[in-house]
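**Student:** Take a look at the letters that make up each chain.
Number of protein chains: 6
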Amino acid sequence: MPEIYVHAVEGRTLDQKRALVRDITAAVVKNFNVGAESVMVQIVESPKENKAKGGVLFSDRPASGV
Amino acid sequence: MPEIYVHAVEGRTLDQKRALVRDITAAVVKNFNVGAESVMVQIVESPKENKAKGGVLFSDRPASGV
Amino acid sequence: MPEIYVHAVEGRTLDQKRALVRDITAAVVKNFNVGAESVMVQIVESPKENKAKGGVLFSDRPASGV
Amino acid sequence: MPEIYVHAVEGRTLDQKRALVRDITAAVVKNFNVGAESVMVQIVESPKENKAKGGVLFSDRPASGV
Amino acid sequence: MPEIYVHAVEGRTLDQKRALVRDITAAVVKNFNVGAESVMVQIVESPKENKAKGGVLFSDRPASGV
Amino acid sequence: MPEIYVHAVEGRTLDQKRALVRDITAAVVKNFNVGAESVMVQIVESPKENKAKGGVLFSDRPASGV
Numbered sequence: 001m002p003e004i005y006v007h008a009v010e011g012r013t014l015d016q017k018r019a020l021v022r023d024i025t026a027a028v029v030k031n032f033n034v035g036a037e038s039v040m041v042q043i044v045e046s047p048k049e050n051k052a053k054g055g056v057l058f059s060d061r062p063a064s065g066v
Numbered sequence: 001m002p003e004i005y006v007h008a009v010e011g012r013t014l015d016q017k018r019a020l021v022r023d024i025t026a027a028v029v030k031n032f033n034v035g036a037e038s039v040m041v042q043i044v045e046s047p048k049e050n051k052a053k054g055g056v057l058f059s060d061r062p063a064s065g066v
Numbered sequence: 001m002p003e004i005y006v007h008a009v010e011g012r013t014l015d016q017k018r019a020l021v022r023d024i025t026a027a028v029v030k031n032f033n034v035g036a037e038s039v040m041v042q043i044v045e046s047p048k049e050n051k052a053k054g055g056v057l058f059s060d061r062p063a064s065g066v
Numbered sequence: 001m002p003e004i005y006v007h008a009v010e011g012r013t014l015d016q017k018r019a020l021v022r023d024i025t026a027a028v029v030k031n032f033n034v035g036a037e038s039v040m041v042q043i044v045e046s047p048k049e050n051k052a053k054g055g056v057l058f059s060d061r062p063a064s065g066v
Numbered sequence: 001m002p003e004i005y006v007h008a009v010e011g012r013t014l015d016q017k018r019a020l021v022r023d024i025t026a027a028v029v030k031n032f033n034v035g036a037e038s039v040m041v042q043i044v045e046s047p048k049e050n051k052a053k054g055g056v057l058f059s060d061r062p063a064s065g066v
Numbered sequence: 001m002p003e004i005y006v007h008a009v010e011g012r013t014l015d016q017k018r019a020l021v022r023d024i025t026a027a028v029v030k031n032f033n034v035g036a037e038s039v040m041v042q043i044v045e046s047p048k049e050n051k052a053k054g055g056v057l058f059s060d061r062p063a064s065g066v
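Sequence lines, in order, name chains A, B, C, D, E and F.
Position 18, counted from 1, in the first sequence is what my numbering calls 18; the numbers after and before it change by one each time, with no gaps.
Position 21, counted from 1, in the second sequence is what my numbering calls 21; the numbers after and before it change by one each time, with no gaps.
Position 10, counted from 1, in the third sequence is what my numbering calls 10; the numbers after and before it change by one each time, with no gaps.
Position 15, counted from 1, in the fourth sequence is what my numbering calls 15; the numbers after and before it change by one each time, with no gaps.
Position 33, counted from 1, in the fifth sequence is what my numbering calls 33; the numbers after and before it change by one each time, with no gaps.
Position 49, counted from 1, in the sixth sequence is what my numbering calls 49; the numbers after and before it change by one each time, with no gaps.
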């Protein structure tokens with residue numbers, strides 16, 4: 001506690017994930033006054049064919065910030 | 001924003017997903033007064049062995065609306 | 001099943017919510033081949049001070065599609 | 001309704017999942033006064049490289065309760 | 001970890017919530033081989049006007065298992 | 001997109017929330033290569049009587065990192 005869920009389209013590298021959970025955890029520890037060991041971060045990846053913006057699946061869109 | 005998450009057992013086709021996100025986005029635009037580009041829809045699929053109704057996994061149940 | 005969660009900033013009227021859940025349910029029934037009674041829709045409202053875009057809380061932003 | 005989501009690192013057996021959804025459903029029926037058929041349980045599994053505690057991915061940690 | 005989210009219409013007593021989180025935690029400890037202190041349970045309550053079944057808000061339906 | 005949900009017990013100040021969403025957004029922009037305007041952060045607050053650790057509600061526990 002707290003628990004943080006990051007929803008993103010799949011495709012990030014292990015290094016990107018490693019750095020993201022480290023930096024998000026630091027942001028929570030700094031601002032919400034909790035110990036790092038109490039912070040859980042989960043990255044919920046989605047295939048491009050399961051996520052849409054503007055009513056159009058990412059698998060049908062040109063590349064953009066996802 | 002808004003963000004819509006659809007939890008369903010896996011197995012729909014790409015065409016079904018494409019039509020669903022289009023229609024849900026239209027419903028949000030019509031009723032919540034937002035532009036289509038601000039609407040995010042994510043389909044969260046689950047294997048049948050990870051989802052249950054009545055305490056019984058869908059992989060152990062006869063077929064039904066999932 | 002399926003279950004649909006709509007995350008939005010608070011402030012919609014009861015009539016807007018009533019129409020939205022009706023239209024989203026119809027979209028799921030039509031495209032995912034399930035009976036209406038198996039469809040659950042939940043609207044998860046957030047205060048403007050609990051939601052951000054671009055790193056800025058909606059309570060600190062000028063009005064925009066939320 | 002109610003809907004229960006269990007977030008865990010992947011790796012449990014089918015028997016473990018089968019027993020978990022049975023016992024959680026029984027707990028909800030007993031305490032929240034609903035029929036078993038109205039209870040939905042979904043297990044959301046995460047790869048170890050997508051979940052972190054203390055800012056460190058489970059794929060980078062020694063084994064612990066996940 | 002694991003984290004469990006229970007989505008329900010509001011209206012349960014403190015005693016009902018207290019018993020539910022105790023029993024769900026016991027079910028997770030027993031079946032998923034984790035220590036009790038690693039289990040988080042959160043009850044996410046929804047007003048009846050924010051949740052629907054069959055396309056109809058619970059605030060517009062006769063009472064039923066929610 | 002991405003969308004980030006932070007689940008925490010209620011009680012943080014507006015300044016704490018403002019700083020948290022700023023810092024989390026910066027972490028996502030830096031590590032996942034997206035523009036800040038595509039990042040959504042929502043803080044999902046829970047009353048202490050709706051959240052438990054070790055099978056005990058936070059309203060029944062002595063204060064700890066929540």
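Calculated from the structure, these hints are not laboratory results.
Glycine included, C-beta positions come from ideal geometry on N, C-alpha and C.
Treat the hints with caution; some may be incorrect.
To be verified - Taking lysine-lysine pairs in the DSS-like style, the calculated list, with each CA pair at most 25 angstroms apart, reads:
#1 A:48 - B:48
#2 E:30 - D:30
#3 F:30 - A:48
#4 D:48 - E:48
#5 E:30 - C:48
#6 D:30 - F:48
#7 B:48 - D:48
#8 C:30 - B:30
#9 C:30 - A:30
#10 F:30 - D:48
#11 E:30 - B:30
#12 C:48 - F:48
#13 B:48 - C:48
#14 F:48 - A:48
#15 E:48 - F:48
#16 B:48 - E:48
#17 D:48 - E:30
Said to hold, decoys possible - Listed next, the stretches of chain E that the computed footprint assigns to chain F, with coverage defined by at least 3 CB atoms under 8 angstroms from CB atoms of chain F:
#18 14–23
#19 55–61
**Student:** All the hints need checking, so say for each whether the structure fits it.
**Tutor:** Evaluated hints:
no.: 1; hint: A:48 - B:48; verdict: 21 angstroms, holds
no.: 2; hint: E:30 - D:30; verdict: 18 angstroms, holds
no.: 3; hint: F:30 - A:48; verdict: 22 angstroms, holds
no.: 4; hint: D:48 - E:48; verdict: 37 angstroms, violated
no.: 5; hint: E:30 - C:48; verdict: 40 angstroms, violated
no.: 6; hint: D:30 - F:48; verdict: 22 angstroms, holds
no.: 7; hint: B:48 - D:48; verdict: 21 angstroms, holds
no.: 8; hint: C:30 - B:30; verdict: 18 angstroms, holds
no.: 9; hint: C:30 - A:30; verdict: 47 angstroms, violated
no.: 10; hint: F:30 - D:48; verdict: 22 angstroms, holds
no.: 11; hint: E:30 - B:30; verdict: 47 angstroms, violated
no.: 12; hint: C:48 - F:48; verdict: 21 angstroms, holds
no.: 13; hint: B:48 - C:48; verdict: 37 angstroms, violated
no.: 14; hint: F:48 - A:48; verdict: 37 angstroms, violated
no.: 15; hint: E:48 - F:48; verdict: 21 angstroms, holds
no.: 16; hint: B:48 - E:48; verdict: 29 angstroms, violated
no.: 17; hint: D:48 - E:30; verdict: 22 angstroms, holds
no.: 18; hint: 14–23; verdict: holds (count 5)
no.: 19; hint: 55–61; verdict: violated (count 0)
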